[in-house]
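> So the protein sequences, as listed, match chains A and B. Under my numbering, think of the first position of the first sequence as 1, with each following residue one higher. Under my numbering, think of the first position of the second sequence as 1001, with each following residue one higher.
Derived by calculation from the structure, the hints in this document are not laboratory data. For every residue, glycine included, the Cβ atom is placed at its ideal position computed from N, Cα and C. Just to be clear, a hint being listed does not mean it is correct.
Claimed, not checked - Which bits of chain B does chain A cover? Going by a derived footprint, with three or more residues having C-beta under 8 Å, they are:
{"id": "1", "region": "1027 to 1034"}
{"id": "2", "region": "1050 to 1056"}
{"id": "3", "region": "1064 to 1071"}
{"id": "4", "region": "1079 to 1088"}
{"id": "5", "region": "1112 to 1122"}
{"id": "6", "region": "1147 to 1161"}
Stated by the list, open to error - Each computed DMTMM-like pair below joins lysine to aspartate or glutamate, with the alpha-carbon atoms no more than 25 Å apart:
{"id": "7", "chain 1": "A", "residue 1": "Lys120", "chain 2": "A", "residue 2": "Glu69"}
{"id": "8", "chain 1": "B", "residue 1": "Lys1039", "chain 2": "A", "residue 2": "Glu116"}
{"id": "9", "chain 1": "B", "residue 1": "Lys1147", "chain 2": "A", "residue 2": "Asp65"}
{"id": "10", "chain 1": "A", "residue 1": "Lys120", "chain 2": "A", "residue 2": "Asp32"}
{"id": "11", "chain 1": "A", "residue 1": "Lys185", "chain 2": "A", "residue 2": "Asp164"}
{"id": "12", "chain 1": "A", "residue 1": "Lys156", "chain 2": "B", "residue 2": "Glu1108"}
{"id": "13", "chain 1": "B", "residue 1": "Lys1039", "chain 2": "A", "residue 2": "Glu39"}
{"id": "14", "chain 1": "B", "residue 1": "Lys1064", "chain 2": "A", "residue 2": "Glu24"}
{"id": "15", "chain 1": "A", "residue 1": "Lys123", "chain 2": "A", "residue 2": "Glu188"}
{"id": "16", "chain 1": "B", "residue 1": "Lys1040", "chain 2": "A", "residue 2": "Glu24"}
{"id": "17", "chain 1": "B", "residue 1": "Lys1040", "chain 2": "A", "residue 2": "Glu188"}
{"id": "18", "chain 1": "B", "residue 1": "Lys1026", "chain 2": "A", "residue 2": "Glu59"}
{"id": "19", "chain 1": "A", "residue 1": "Lys120", "chain 2": "A", "residue 2": "Asp164"}
{"id": "20", "chain 1": "B", "residue 1": "Lys1064", "chain 2": "A", "residue 2": "Asp32"}
Claimed, not checked - Heads up, incomplete: computed chain A residues facing chain B, CB under 7 Å, no partners named:
{"id": "21", "residue": "Leu2"}
{"id": "22", "residue": "Leu4"}
{"id": "23", "residue": "Ser7"}
{"id": "24", "residue": "Leu12"}
{"id": "25", "residue": "Met16"}
{"id": "26", "residue": "Thr47"}
{"id": "27", "residue": "Met48"}
{"id": "28", "residue": "Ala180"}
{"id": "29", "residue": "Tyr191"}
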Amino acid sequence: MLNLIWSAVIGLGILMCFFTGNAETAAQAFTDGAAGAVELCIFMAGTMSFWSGIMNIAEKSGLIDRLSEKIRPIIVFLFPDIPVKSMAFKYICINMAANFMGLGWAATPAGLMAMEEMNKINKIAGTASRSMCMLIIVNVSSIQLLPVNIIVMRQKYMSAAPFDIVLPAIIATSVSTITAIAAAKFCERRYFR
Amino acid sequence: MNIANVISAGLMPAVILFVIVYGVVKRVPMLDVFSDGAKKGLITVFNVLPVLIALMCASSIFVKSNLSGVFVAAVKPVTDIIKFPSELVPLMIMKMFSSSAATGLLTEIFSAFGPDSYIGRTASIMLSCTETIFYTMSMYFTSVNIKNTLYTLRCCIFSTLCGVAASAVLAYFM
């Protein structure tokens, strides 16, 4: 599915450029995109490695065990396949907690490492397990408590009440997360018995 | 100093401080443990670089070829029926592909309508309750070589649409 979307976007994009007589734009788009990816990666390499280091300290000091004890019931409900004592479970806990606090740069490495760990216990290679699907669906639904970056943007554009969106944003985020979990649980039943 | 700036600047250092203090109290060999973890992070980052290149090329041509405009025009009749403000359709579409492009659109919306208008409020709430679907999905799945993604995309689009609908309704009652 993703392969199809990717190919369609690239193919149609190039055709669009030819149609409007902007072949140069297409060429430029690819050079910019590729260069941008490498730039982002170098930036990410710094921040994400830093957070992975901090995460490792939190893990070795037992902080993550304490955290995962607190949110265990939720994680067990969402990811019944993941053993409570496993590293995958811990990474999922960090990913959720970091997302909740809006620390995206800490959430991503934890999420990717959780995927790696889940892949080790995946029964069918190349096919997503239900826990993998759940992790991504919950991540996409965004569980951020305080949309700080949006508030800062609102202030920059002279909003009279930049914080007024906080409560509605929390409600909207809960709506998207609850529907996400419900949809994922519904599909799970059809795909995994 | 106002609260938003304090939170956005202070939360990250506060979390780090907490982890460090906790580690010191528990007598963790800090430097060794940190660099072990950082190494793992570094490997993870470079594992996703190829996917990142593929994704960012796609999102770059999506915007520059104005394919995004075609997409918006195609979705508009549907959103018009349910009275969803058409000014926000590009934002909704862009947010699925690229976070930075969506932020760029948000600044345009803020300067055109103002952050306190109905459009501005809906846009603010919308961006706080959604994530870039294609970016997150491809990065997570390709990092572990998963090709069959089952129902993930369906659920992601569904929950994003629910979030967007909730934003429009909530902004109306604010």
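> Which earlier hints turn out false for this structure, listed by number in ascending order?
Going through the list in order, the structure violates hints 4, 9, 10, 11, 16, 17, 19, 22, 23 and 26 and respects the others.
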